[in-house]
Amino acid sequence: MDFRLTQDQIDLREAIRDYLSGEHGPEVLRRLDAEGNRDPSIWDGLVGMGLTGLLVPEAQGGLGMGLVEAVLIAIELGRANVSEPLADTALVAAPLLDEAQQAEVAAGTLKVALGHPINPWIADLDQAGLLYAGGIAKPAPDGGQPLETVDPLRRLFAPRPVAEDDRLLDRAALISAAQLIGAAERMLELATDYAKTREQFGQQIGQFQAIKHHLATVAVKLEFARPVVLRAAFAAQNDHARTPIHVSHAKVAATDAAMLSAETAIQVHGAMGYTYEVDLHFWMKRCWALAGAWGDRAFHQRRIEAAVVDGGMTIGPDMTFESELHHG
Amino acid sequence: MDLTYTTEQQAFRAEVRDWMRANVPAQPLKTLEGREGYDQHVEWERKLASGNWGMVTWPEAYGGRGLDLIRWLIFEEEYWGAGAPLRANQNGIFLLGPTIMEYGTDEQKARFLTPMAKGELMWAQAWSEPNAGSDMAAIRTVAVRDGDHYVITGQKTWSSRASFADWGFGLFRTEPDSKRHKGLSFILFDLNSPGVTRRPIRQLHGEPGFAELFFDEVRVPVANRIAGEGEGWNVAMATAGFERGLMLRSPARFQAMAKRLVELYRQHRDTASPQAREAVLQAWQDAEAYTLNTYSVAATVMAGGHIGAEASLNKIFWSELDRAAHRAAMSLLGAGAELRSLANGSENSWLEGYIFSLSGPIYAGSNEIQRNIIAERLLGLPR
Numbered sequence: 001m002d003f004r005l006t007q008d009q010i011d012l013r014e015a016i017r018d019y020l021s022g023e024h025g026p027e028v029l030r031r032l033d034a035e036g037n038r039d040p041s042i043w044d045g046l047v048g049m050g051l052t053g054l055l056v057p058e059a060q061g062g063l064g065m066g067l068v069e070a071v072l073i074a075i076e077l078g079r080a081n082v083s084e085p086l087a088d089t090a091l092v093a094a095p096l097l098d099e100a101q102q103a104e105v106a107a108g109t110l111k112v113a114l115g116h117p118i119n120p121w122i123a124d125l126d127q128a129g130l131l132y133a134g135g136i137a138k139p140a141p142d143g144g145q146p147l148e149t150v151d152p153l154r155r156l157f158a159p160r161p162v163a164e165d166d167r168l169l170d171r172a173a174l175i176s177a178a179q180l181i182g183a184a185e186r187m188l189e190l191a192t193d194y195a196k197t198r199e200q201f202g203q204q205i206g207q208f209q210a211i212k213h214h215l216a217t218v219a220v221k222l223e224f225a226r227p228v229v230l231r232a233a234f235a236a237q238n239d240h241a242r243t244p245i246h247v248s249h250a251k252v253a254a255t256d257a258a259m260l261s262a263e264t265a266i267q268v269h270g271a272m273g274y275t276y277e278v279d280l281h282f283w284m285k286r287c288w289a290l291a292g293a294w295g296d297r298a299f300h301q302r303r304i305e306a307a308v309v310d311g312g313m314t315i316g317p318d319m320t321f322e323s324e325l326h327h328g
Numbered sequence: 001m002d003l004t005y006t007t008e009q010q011a012f013r014a015e016v017r018d019w020m021r022a023n024v025p026a027q028p029l030k031t032l033e034g035r036e037g038y039d040q041h042v043e044w045e046r047k048l049a050s051g052n053w054g055m056v057t058w059p060e061a062y063g064g065r066g067l068d069l070i071r072w073l074i075f076e077e078e079y080w081g082a083g084a085p086l087r088a089n090q091n092g093i094f095l096l097g098p099t100i101m102e103y104g105t106d107e108q109k110a111r112f113l114t115p116m117a118k119g120e121l122m123w124a125q126a127w128s129e130p131n132a133g134s135d136m137a138a139i140r141t142v143a144v145r146d147g148d149h150y151v152i153t154g155q156k157t158w159s160s161r162a163s164f165a166d167w168g169f170g171l172f173r174t175e176p177d178s179k180r181h182k183g184l185s186f187i188l189f190d191l192n193s194p195g196v197t198r199r200p201i202r203q204l205h206g207e208p209g210f211a212e213l214f215f216d217e218v219r220v221p222v223a224n225r226i227a228g229e230g231e232g233w234n235v236a237m238a239t240a241g242f243e244r245g246l247m248l249r250s251p252a253r254f255q256a257m258a259k260r261l262v263e264l265y266r267q268h269r270d271t272a273s274p275q276a277r278e279a280v281l282q283a284w285q286d287a288e289a290y291t292l293n294t295y296s297v298a299a300t301v302m303a304g305g306h307i308g309a310e311a312s313l314n315k316i317f318w319s320e321l322d323r324a325a326h327r328a329a330m331s332l333l334g335a336g337a338e339l340r341s342l343a344n345g346s347e348n349s350w351l352e353g354y355i356f357s358l359s360g361p362i363y364a365g366s367n368e369i370q371r372n373i374i375a376e377r378l379l380g381l382p383r
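Chains E and V are the protein sequences, given in the same order.
Quick note: the first sequence uses my numbering, first residue 1, plus one each step.
Quick note: the second sequence uses my numbering, first residue 1, plus one each step.
These are computed hints drawn from the structure, not numbers from a lab.
One should not assume that every hint holds.
Label pairs and their calculated CB-CB ranges [as the list claims (entries may be wrong)]:
| hint | chain 1 | residue 1 | chain 2 | residue 2 | range |
| --- | --- | --- | --- | --- | --- |
| 1 | V | E102 | E | S21 | 34 to 44 Å |
| 2 | E | G292 | V | S178 | 50 to 60 Å |
| 3 | V | S178 | E | E277 | 44 to 54 Å |
| 4 | V | E352 | E | A210 | 28 to 38 Å |
| 5 | V | S341 | E | A271 | 53 to 63 Å |
| 6 | V | T271 | E | W288 | 31 to 41 Å |
| 7 | E | A210 | V | G308 | 23 to 33 Å |
| 8 | E | D8 | V | V301 | 19 to 29 Å |
| 9 | V | L358 | E | G144 | 50 to 60 Å |
Which chain E residues stay away from chain V? Per the calculated CB distances, all over 10 Å, these [unchecked claim]:
| hint | residue |
| --- | --- |
| 10 | E14 |
| 11 | D33 |
| 12 | L63 |
| 13 | G64 |
| 14 | E99 |
| 15 | A100 |
| 16 | Q101 |
| 17 | A107 |
| 18 | A137 |
| 19 | T149 |
| 20 | A158 |
| 21 | D166 |
| 22 | G270 |
| 23 | V278 |
| 24 | D279 |
| 25 | K285 |
In this text, a Cβ means the ideal position worked out from N, Cα and C, and glycines have one as well.
Could you put the whole structure together from the sequences, leaning on the hints where they help?
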């Protein structure tokens, strides 16, 4: 029993954070927003960092890592607001594809869109070579014109698949939760930085307890959401029976932390936060998008209720790591 | 990251479970806040000690078992899972004990820790004064040096467990005319010393859980001071860290409560409001989240890490979770919530628990103080 990341995992996270903070800062978001919201050089950079092969076995040219690492990377993607379809392609779809497809994903030459009836759209269908839905990867159909969405860097298309796929749903919800954690962290940092520089009444606004208490409340929410997401990743990686419940908990906790962080951050920024010129809105809008994607709060709460209240899932102080105890 | 228990850890769980099954009182004890219940709880402490379960993480030399934090969490899971009583000596074992372990002399460790683990001496806290609550540095009660004794004069208030406990610990001003955090010392005293008057304070639930303490030239040996003269503030901050941190409110207690709350929700589902449903689900999730976070912190501490201001995150989380969960229970009980007994004749522990939960966001440093600490020390906002 050791609830710590390994040094390798910490190193991986730091390397990607360094890379993204150098190559994918807010100026990139503003440029993408102004000039069209995809840029092949960003994708090429992510491929160069090996991220498309993160979950692809080494035999197919990947790094052969697992969902715990995928979640760590997804948090970084959320922090940097990366909009390229890396999460869907490499962190969700890749392990579900055949070997030849995996090799292409690792090489960066194949993007995969994800379809599930829980979402009334498919993200990044226009760039995708494959659409993965209902447990099968097929050539991506023409999605027509992109839908209008509040998030300026998201590209959504309309054809709605009908095939259910619980494994896809769980993995995609987990990766969405991780991105929400990253976005929540970043918005807390943006708001904290702003509170240290903005002056009113002759002092930094961060000296006022009203501001401190808002931001501290976000820090608490985040602190107790992170381990829930990591725990869900560990369960999913090991195919534990309780994975859906852990994932639902992760999605709810991450959504709540992100929405609180977003609303707090705009409040702390004051009127500046209500403008388009302050970068905050990119993360805030991504949170609104991800909050509803891959099962909204109500959907995941219902799944938890069905298991915990109706389903006879044993709960209590000795049951936290029950999945692990009776696995394998 | 490895979330599986070792065979040894599982065997330890089985050992705790067997002992608890054989020894936990079949009937719930009366409230710890009243005389009769207090005595029952002290008796339970001694029962625990007879099985060598007083404080499993302490070294064997001081009445413990020398176990690590993972085994501590397992112990707690089995303890609360078995429905075992509250710990009457929590001020001692969870707060003063770790403080003495860190700052005490070998002589003080031998003198105080073993009787604590064995449930022989019960401890009260004596921090607050009428004008020093959240602002603890405003303490005015003086301890004047007279040879190898201090002579204490002044008043403490809201002293937890002081109505019935044997000994107390707190901060006293040992340097006359010193200001704020300076000139304070951390001193232990016998509550039955000549010159100590206890005046029990009736708490919200009607029982005298805490007390006012009046000191009229109370003589206390200098040997009862923990750490150096004038170093009391830092020692007290460490004690407060223990109080907010890992030990005092172990997650298992909230998991056991969440389990009972889910059961209550099943019984009252037909009349439950949507808000109560939401709160029940949230309570279970928050208890799990608190547990996962605690395992994470425990692993960090076992690897040599340190908890500092992070303890404030903890304290806010468990205190607000506790209050929200009990509020949900009160809502589920509807018109029956105000009654002291439930329909089946048992004590309405949800009502007692709700009342107690209202103290959580206040004691151990109010949650407003905790938010200041988080903002200034974790987020780096200016003072």
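Tested hints:
Taking the beta carbon of each, V/E102 and E/S21 are about 39 Å apart, inside 34 to 44 Å as hinted. Checked against the hint of 50 to 60 Å, the C-beta distance between E/G292 and V/S178 comes to roughly 58 Å, which is consistent with it. Under the hint 44 to 54 Å, the C-beta atoms of V/S178 and E/E277, about 53 Å apart, fit the expected range. The hinted window of 28 to 38 Å between V/E352 and E/A210 holds, with their beta carbons roughly 34 Å apart.
Taken as a hint, the range 53 to 63 Å holds for the pair V/S341 and E/A271, whose Cβ atoms sit roughly 56 Å apart. The beta-carbon spacing between V/T271 and E/W288, approximately 35 Å, falls within the hinted interval of 31 to 41 Å. The beta-carbon spacing between E/A210 and V/G308, approximately 25 Å, falls within the hinted interval of 23 to 33 Å. Between E/D8 and V/V301 the C-beta distance comes to about 22 Å, which sits within the given range of 19 to 29 Å.
A C-beta distance of roughly 57 Å is found between V/L358 and E/G144, which places it inside the suggested range of 50 to 60 Å. The claim that E/E14 lies off the interface holds: its Cβ sits roughly 17 Å from the closest Cβ of chain V, which is beyond the 10 Å cut-off. Distance check on E/D33: its Cβ is at least 29 Å (rounded) from any Cβ of chain V, clearing the 10 Å threshold; non-interface status holds. Chain V leaves E/L63 outside its interface by the beta-carbon criterion, the shortest separation being 17 Å against a cut-off of 10 Å.
The beta carbon of E/G64 sits about 17 Å from the closest Cβ of chain V, which is more than 10 Å, so the claim that it is off the interface holds. The Cβ of E/E99 sits about 27 Å from the closest Cβ of chain V, beyond the 10 Å cut-off, so the non-interface label holds. Every CB of chain V is more than 10 Å from the CB of E/A100 (nearest about 31 Å), matching its label as outside the interface. No beta-carbon of chain V is positioned within 10 Å of the beta-carbon of E/Q101; the least distance is around 29 Å.
Every beta carbon of chain V lies more than 10 Å from that of E/A107, the smallest distance being close to 29 Å; the non-interface claim holds. Even its closest Cβ contact with chain V, about 30 Å, leaves E/A137 beyond 10 Å, as expected for a residue assigned away from the interface. Residue-level check passed: E/T149 sits 28 Å from the nearest beta carbon of chain V, beyond 10 Å. Listed as outside the interface, E/A158 is consistent with that label: its C-beta sits roughly 33 Å from the nearest C-beta of chain V, beyond the 10 Å cut-off.
The claim that E/D166 lies off the interface holds: its Cβ sits roughly 20 Å from the closest Cβ of chain V, which is beyond the 10 Å cut-off. At the 10 Å boundary, the C-beta of E/G270 stays outside the reach of chain V, the nearest C-beta of that chain being 16 Å off. No beta-carbon of chain V comes within 10 Å of the beta-carbon of E/V278; the shortest separation is about 19 Å. Even its closest Cβ contact with chain V, about 19 Å, leaves E/D279 beyond 10 Å, as expected for a residue assigned away from the interface.
Every Cβ of chain V is farther than 10 Å from the Cβ of E/K285; the closest lies at roughly 24 Å, confirming the non-interface assignment.
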